[in-house]
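Protein chains: 2
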Amino acid sequence: MRHEPNRPTDAELQILEVLWSTGPSTVREVHDAISARRETGYTTILKLMQIMADKGLVIRDTDQRSHVYRTKRKAEQTQKQLVKDLIGRAFGGSANRLVLQALQVQKISTDEINAIRELLDDLENKE
Amino acid sequence: MRHEPNRPTDAELQILEVLWSTGPSTVREVHDAISARRETGYTTILKLMQIMADKGLVIRDTDQRSHVYRTKRKAEQTQKQLVKDLIGRAFGGSANRLVLQALQVQKISTDEINAIRELLDDLENKE
DNA sequence: TAGTAACTACGAAATCCTTCGTTGACACAT
DNA sequence: ATGTGTCAACGAAGGATTTCGTAGTTACTA
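Protein chains in written order, with my numbering: chain A, 1 to 127; chain B, 128 to 254.
In case anyone wonders, no lab produced these hints; they're calculated from the structure. All clues given are correct.
Calculated cross-link-like contacts (lysine to aspartate or glutamate; reagent style DMTMM-like; alpha-carbon spacing at most 20 Å):
1) B/K211 <-> B/E139
2) B/K207 <-> A/D85
3) A/K84 <-> B/D212
4) A/K107 <-> B/D212
Partial list, derived from the structure: chain B residues whose beta carbon lies under 7 Å from chain A:
5) K207
6) L213
7) A217
8) N223
9) V226
10) Q228
11) A229
12) V232
13) Q233
From the derived model, a few chain A residues whose C-beta atoms are all more than 12 Å from chain B:
14) L46
15) D61
16) H67
Please read all numbers here as calculations on a predicted model, not as lab measurements. No residue lacks a Cβ here, since even glycine has one placed at the ideal position from N, Cα and C.
All chains should be built: construct the whole structure from the sequences, respecting the hints.
Structure (structure tokens):
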């Protein structure tokens with residue numbers, strides 16, 4: 001099963017989320033953030049982050065004794081890739097069908113609805 | 128890594144898609160459909176479908192010599208679950224943020240845009 | 001300087017996913 | 001009845017993912 005450019009796994013995604021929200025971090029900081037919600041060993045996170053560096057998902061700065069990791073791609077890029085992937089795997093390639101489902105899985109606020117409307121207007125005008 | 132109610136894997140999803148579009152099918156039929164686009168052995172598909180029956184992703188009718196498989200859940204249910212899952216894993220739980228990304232990964236037709244607008248209107252009125 | 005704490009590196013185990021070869025049963029046609 | 005083809009069942013291999021123990025190194029502190 002060959003994946004497109006390095007689709008992150010579940011555990012990798014958890015780490016990416018920490019790095020996205022907190023910015024460049026040490027293994028210790030990432031472990032603290034994740035172990036607050038889920039029991040996990042320090043070396044588990046360390047190993048994962050080393051693998052992610054090998055894969056090119058994150059970039060490691062080894063200047064200090066505590067290496068500092070940062071994401072290689074912005075959250076939006078990776079999220080867009082994941083969405084594209086799911087569209088291809090489960091929605092017959094139709095982004096539209098995914099959107100229609102997504103709008104119904106969770107209550108969306110009026111503000112958010114209006115934000116989506118604006119984006120639709122933009123997309124339409126871009127024709 | 129414990130998943131919620133049986134998230135289908137990549138290979139399983141391919142099989143589900145065949146069953147969704149074709150309806151209840153034998154292993155032979157599913158294999159024919161999949162091997163048309165991707166080289167794969169018959170027993171590979173057989174094994175996967177047996178596992179899926181064990182997991183409860185599909186239901187097997189063994190009345191005939193060629194067992195007939197059908198999906199346990201409708202496409203929409205499974206798709207909604209997959210979307211919900213991705214929202215939780217990669218979008219900090221916000222369906223809205225996934226939708227905003229999804230609308231930009233692929234060109235959407237005017238008809239589709241209008242269909243989304245209608246759904247937004249419905250959701251708003253449901254308040 | 002000796003001891004403690006924190007860090008990286010390494011290897012290996014456990015599980016899951018995907019693949020397929022082999023076997024034995026069954027059905028059909030010669 | 002014999003051979004040919006199709007089927008389910010099973011086991012096992014190979015790879016990916018996740019987990020963590022252990023070892024060795026570096027920094028800090030008493």
